[in-house]
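Colleague: Numbering of the sequence shown is given in full-length UniProt numbering, commencing with residue 1 and proceeding in unit increments.
What you were told as hints is all true, and nothing was included just to trick you.
Quick list of the computed label-pair ranges, beta carbon to beta carbon: (1) Gly-224 with Ile-30: 31 to 39 Å; (2) Gln-196 with Leu-11: 43 to 51 Å; (3) Ile-198 with Phe-3: 43 to 51 Å; (4) Phe-164 with Tyr-99: 20 to 28 Å; (5) Glu-91 with Thr-197: 45 to 53 Å; (6) Thr-124 with Trp-18: 18 to 26 Å.
Simulated from the structure, these hints should not be mistaken for laboratory data. C-beta atoms are modelled at their ideal positions from N, C-alpha and C, and glycine is treated no differently.
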Amino acid sequence: MNFHAIRAIYLFEMARTWRTLLQSIASPVISTSLYFVVFGSAIGSRMVEIDGISYGAFIIPGLIMLMLLNESISNASFGIYMPRFSGTIYEVLSAPVSYVEIVTGYVGAAASKSIILGLLILATARLFVDFHIAHPVWMVTFLVLTAVTFSLFGFIIGVWADGFEKLQIIPMMIITPLTFLGGTFYSVNMLPPVWQTITLFNPVVYLISGFRWSFYGVADVNVGISLGMTVLFMVLCVGGIHWIFKTGYRLKN
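Put together the whole structure using the sequences plus the hints.
Modeller: Here is the structure:
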């Protein structure tokens, strides 16, 4: 394992974050904080509790997951797309570095950014809403697993995209709607039986449910299933990346 190569790619990607703090860190934190102000403090104070949890506290895991999914995908997809766009990908591919080391560097940096953002938003939420974390170890586990999984997914999108527009299609047109419909602002158990069944086909439900369980010990689906779905999606993403490097699919375009 060439740790020097991994470190070089990782530090290069992280340095881009520190150069664009307003866009990379401040903007997601501020935009998510607006949800806490509106739904947590303003509207949440007038709504009934859900599963014995105040509404403002109930939506915190879902909002963090909303940010985590979008930022993980965006960071990883942009990180690999720019070398392809500028042509510097040839330098990476011609270096004595395996694809495992390349992916570890890019995905590791993207996941690190998302985890930092998630923790910052969690700390920011404390300013607006009172909440507790029942299972902090599992909370960190779900946070890291989700960040890594969707950073891997973002890497695949960055290779697939042949223009800047395509980088935003899946996060904006697919991930965000699925997150809003996956129990971010409500419990799946509040839906009619038919819609509860339909909602279970939404994979984001399992991510939000497991993450919320780590906070309050309540979940819409079994926490074991949530963890299993996250790991399954990670395995599928790893398989997709292996196929990309094995076939050379669009890496040099």
